Amino acid sequence: MYVGFIVGLVLGFILLVYGILVAGGSLLMFWDLPSVIITFGGSWCALMVSYPLSILAKMPTYFRIALFPPRLNAVDLIITLVSFAEKSRKEGLLALEDDIDSVEEPFLKKGLQCVVDSIDPELIRVILEIEIDEMASRHDANKKIFDDWAGLAPSFGMIGTLMGLVMMLVNLNDKAMVGPYLAVAIITTFYGAVLAYLVLTPLATNLDSITGEEILYKSIVVMGVLSLQSGDNPRILKQKLVSFLPPPMRVSLLDEKDV
Amino acid sequence: MYVGFIVGLVLGFILLVYGILVAGGSLLMFWDLPSVIITFGGSWCALMVSYPLSILAKMPTYFRIALFPPRLNAVDLIITLVSFAEKSRKEGLLALEDDIDSVEEPFLKKGLQCVVDSIDPELIRVILEIEIDEMASRHDANKKIFDDWAGLAPSFGMIGTLMGLVMMLVNLNDKAMVGPYLAVAIITTFYGAVLAYLVLTPLATNLDSITGEEILYKSIVVMGVLSLQSGDNPRILKQKLVSFLPPPMRVSLLDEKDV
Amino acid sequence: MYVGFIVGLVLGFILLVYGILVAGGSLLMFWDLPSVIITFGGSWCALMVSYPLSILAKMPTYFRIALFPPRLNAVDLIITLVSFAEKSRKEGLLALEDDIDSVEEPFLKKGLQCVVDSIDPELIRVILEIEIDEMASRHDANKKIFDDWAGLAPSFGMIGTLMGLVMMLVNLNDKAMVGPYLAVAIITTFYGAVLAYLVLTPLATNLDSITGEEILYKSIVVMGVLSLQSGDNPRILKQKLVSFLPPPMRVSLLDEKDV
Amino acid sequence: MYVGFIVGLVLGFILLVYGILVAGGSLLMFWDLPSVIITFGGSWCALMVSYPLSILAKMPTYFRIALFPPRLNAVDLIITLVSFAEKSRKEGLLALEDDIDSVEEPFLKKGLQCVVDSIDPELIRVILEIEIDEMASRHDANKKIFDDWAGLAPSFGMIGTLMGLVMMLVNLNDKAMVGPYLAVAIITTFYGAVLAYLVLTPLATNLDSITGEEILYKSIVVMGVLSLQSGDNPRILKQKLVSFLPPPMRVSLLDEKDV
Amino acid sequence: MYVGFIVGLVLGFILLVYGILVAGGSLLMFWDLPSVIITFGGSWCALMVSYPLSILAKMPTYFRIALFPPRLNAVDLIITLVSFAEKSRKEGLLALEDDIDSVEEPFLKKGLQCVVDSIDPELIRVILEIEIDEMASRHDANKKIFDDWAGLAPSFGMIGTLMGLVMMLVNLNDKAMVGPYLAVAIITTFYGAVLAYLVLTPLATNLDSITGEEILYKSIVVMGVLSLQSGDNPRILKQKLVSFLPPPMRVSLLDEKDV
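Chains as they are written, first to last, in this note's numbering: chain A, 1 to 259; chain U, 1 to 259; chain L, 1 to 259; chain E, 1 to 259; chain X, 1 to 259.
Careful, some of the hints might be misleading.
[Unchecked claim] Derived pair list, reagent style PhoX-like, types lysine-lysine, alpha-carbon separation capped at 20 Å:
| # | chain 1 | residue 1 | chain 2 | residue 2 |
| --- | --- | --- | --- | --- |
| 1 | X | Lys144 | A | Lys144 |
| 2 | L | Lys240 | U | Lys109 |
| 3 | U | Lys144 | A | Lys175 |
| 4 | X | Lys144 | A | Lys175 |
| 5 | L | Lys109 | U | Lys144 |
| 6 | U | Lys144 | L | Lys144 |
| 7 | L | Lys175 | E | Lys175 |
| 8 | E | Lys240 | L | Lys109 |
Note that these hints are calculated values from the structure, not bench results.
Small disclaimer: the values here were computed from a predicted structure and weren't measured.
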């Protein structure tokens, strides 16, 4: 994921520059500091009105998550859970205590700890599902910041263009300057569109699909941990958990009998 | 939240003024009273058709809430609830009676009072959940007023521009006046866009995120109060409530064993 | 509600007229019968294709409801229900029979009648909730007619403008007439926008908020009637019903102890 | 419904023709075969990519349904169900066997047959509700075809206009032809808008409201049939079923006592 | 489905070419490599930012599914399930073991295997429903890739047009080149619109309707398999399953008695 994200972003800008140069334009035509300030600065100000600073301060974190998404391997998780089920069948649930230390993913660790502590199954379900729900709604809220910015950027681009148009129309006498004036006016809309469609909207989509994977992973954990506690047959546990996966990913998990 | 809201609003307008001045324009070019009346007044009239005056009269209250949002500290709430659980374990639920007076947040107070009055748990849940649901739908309705205005403002901006265009086109003979006429026509669209994208839409988003925090806070209260009444172990209560929080906020609440 | 609705509508049109006159235009510039026919008539025809006449015939009723909304006072309702609870506690449910006649609101009347007739509580709930659900979906459908019209009006405005543009472009020789032709072409879009954004969309919003109040009122009735039948303590009944209200409206209902 | 549908469609086109003729245009200005092919043909091709031919082949059926909607009279249905309830109270459920033949509506027939066959109530509910759900989702899918076409038509109109603009701009030398060229370019957008806003969107809305009526009718059947089987008192059955109707339609069903 | 998909796609492009040639244009006017790179390449880069490469790599698979959709015949499925019900009634559930090998559809095979293995019915339901839910959400996510691209393509078309406008306006001196420059600027918007409205949006709709059929098919399997296990009467099983079908498809399944 890491590579495609960076390549897409960099290549996207290179293509735009190529499009300008090949048509005989120059990059200087597309640089106008006041336009940058109106589009980027203005939409950022609207974002400050929309969200408390403590939340906006987390935006770099979310950019980093898109760059280095957590590696959640559902196949490995199922293998782990099935092996735990086999072990606990032979040696009892408490035998899992030693394995918890080797588990790194905190959500799975928490679920297993609850099982070893013999907490009531319904309570485990409540604790884990609240955690998934709240995680999902937090991530949705964070993703929405980028979506909102993606909506504000072209709007401030348009505001900048309207400002340029008004000033141009008032000074319509100087015909020679109409073209350059209009060009500058249009640049804010261009800035807003590039910021929204090349950077912010794709970033929001990206965060959304990371959240989707995390929810899938944690749903498997919940079902696995509860099955573990109720002492399900490992083979049936595998059947249940495998249903979460797309068919091609099941191949590595199932031997012929299971298909 | 207070600071960012004001800074965003003020800085946003300063940036627009800067954009005008740096391009050699003057603020006077962007002031036209009839345009103000059409865009602001017209969209406000449409709002009066949309909502009863008694509801519109509450809009300043909502502006004030965005400026001075209620301080709802979920971490402190959990600490309080856990300490109550410990106390009630030792001294019984009635021992909480004295603590209720020191609680300031009215929703938590109401919930605790219900517990001390030994009201039936299912009834407590109903009373508290109706209150959350109705609060959420009331806040949604109030936020929607700003959203609706944000939709009407650019529409009335466009209506003003269409009016200006018609008048300009009928008087097309006077070529010298076409530019200034068009400039004035475009100003209503500019007003509508600034009102919508710098003020109203961000304000509605802001109110939405305040509501989200309030729902989270009150959901913790409901689960905490009901656990208190059912005599849950304080350690398990903490586990449950902590699931509502984002992982970084849990650190201060959990000691090593709990992680 | 009555006053704001009419004032908003009338004042909105006055502001538009003012905007025209102050800019040196005349109302005659904005009157063109064929444009009226295309925009209003055309969008009305599309509405006739969308909905059976029997439903469209009810539109004036909905306009009247927006003008004279039903007066549903939730505070009075709660006071009534609590007084009924006190009476039935002392004198039995049948004692309410005499009070039913003094109740005017038909939904509350029906609910109380069911109680006095000792109909099974689950059945009362079903009957009353079907009525609320069907009322809500009927009102939604009716509100959608105005929303649909609000979407069609600017579309037919645009169709009229496209027609005007085509005719103008074919007759481009007569330069002197281009301006007036274009002006007329734009007028249909202007008509569509005013119809949609000053009249229809606000009217639909208005109907929506009336429905919201009615649902709230009837939900209080359902919970109140069922509590009445199950013989709830009047003080607890008040607690339950008060949860439906916004905090400021509770003040008049609760004495110090209840807060 | 039949009359309004046809009148709306025909009158809509007449109004557009009137708008053209009264402005001194001619219908020939608005006829351009290649534009018809691009807008209608192109959007139809996109529809063929969207849906299998077996589904598109059903579109005339849906047009016919909009013209001749099924006559589902909820008031008559309730009268029938109540009379069945009275009969079965006196003579037993099996006495209804003879009445089933006189029932024409297949859904009611099926429900009554299930009752007479003494099928388990929960099973009857499952069978009938699956049928309603699947009917609703099928009708939604069919309605969506018209909605999708209504979205594609203006898009292909715009594609045609862009094509015309490109060709006109390349041949900008011949100033005399710019107007007519532009006129033809704009015609595709006009075609797309008329197809979408006068025909397809209203047709989709129409189908939607027919589905709504059918769902209401069948929901009454389900509740009626199940009440019949459980031997509900006819008066209570009437109360239940009447809750589905809007208040004005209840008048004919209820005698004074019931109100 | 196969034929219509290809015919729609090919015919759509032929119609656009015809529209160009009949208007006296040439295909060369519509070919501009830098515009291709900006619109297609730019929107593809934004897609790479939005989704990990491992997911984008599956897009050809989804294109192939639209071309060769799985043949899921619900009528045959019901016939098969009813015949299994008859057999298992006479010879017991284990008699189905031999038939499983002849079943090709993997989901039905899995369900039958579970029945023959006498897995607990609630567990079978959980396993099969998780599989349907996860399949639906995976297919939705995949379809959304095409939807997102369909949204990005016209946006990058607009970005290209803005770039062309800026460059044209800066070089406004050379009046002779304004037309051709503008023509090239508009081509990117044309490319974006054709890509979105002729290819991507219809493709996404197509995948959606394939998913809908698959969910219907698998829902019938779940209900059929569970009925099989609970030993339902084959005639009642047929009644239940037939409720999933549209009325015309039922004819072949039901003999006179069943109607």
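Cross-check of the supplied hints:
1. Lys144/X with Lys144/A: Holds, because 17 Å separates the two Cα atoms, which is no more than 20 Å.
2. Lys240/L with Lys109/U: holds (16 Å)
3. Lys144/U with Lys175/A: violated (46 Å)
4. Lys144/X with Lys175/A: Violated, at about 48 Å.
5. Lys109/L with Lys144/U: violated (33 Å)
6. Lys144/U with Lys144/L: holds (17 Å)
7. Lys175/L with Lys175/E: holds (13 Å)
8. Lys240/E with Lys109/L: holds (16 Å)
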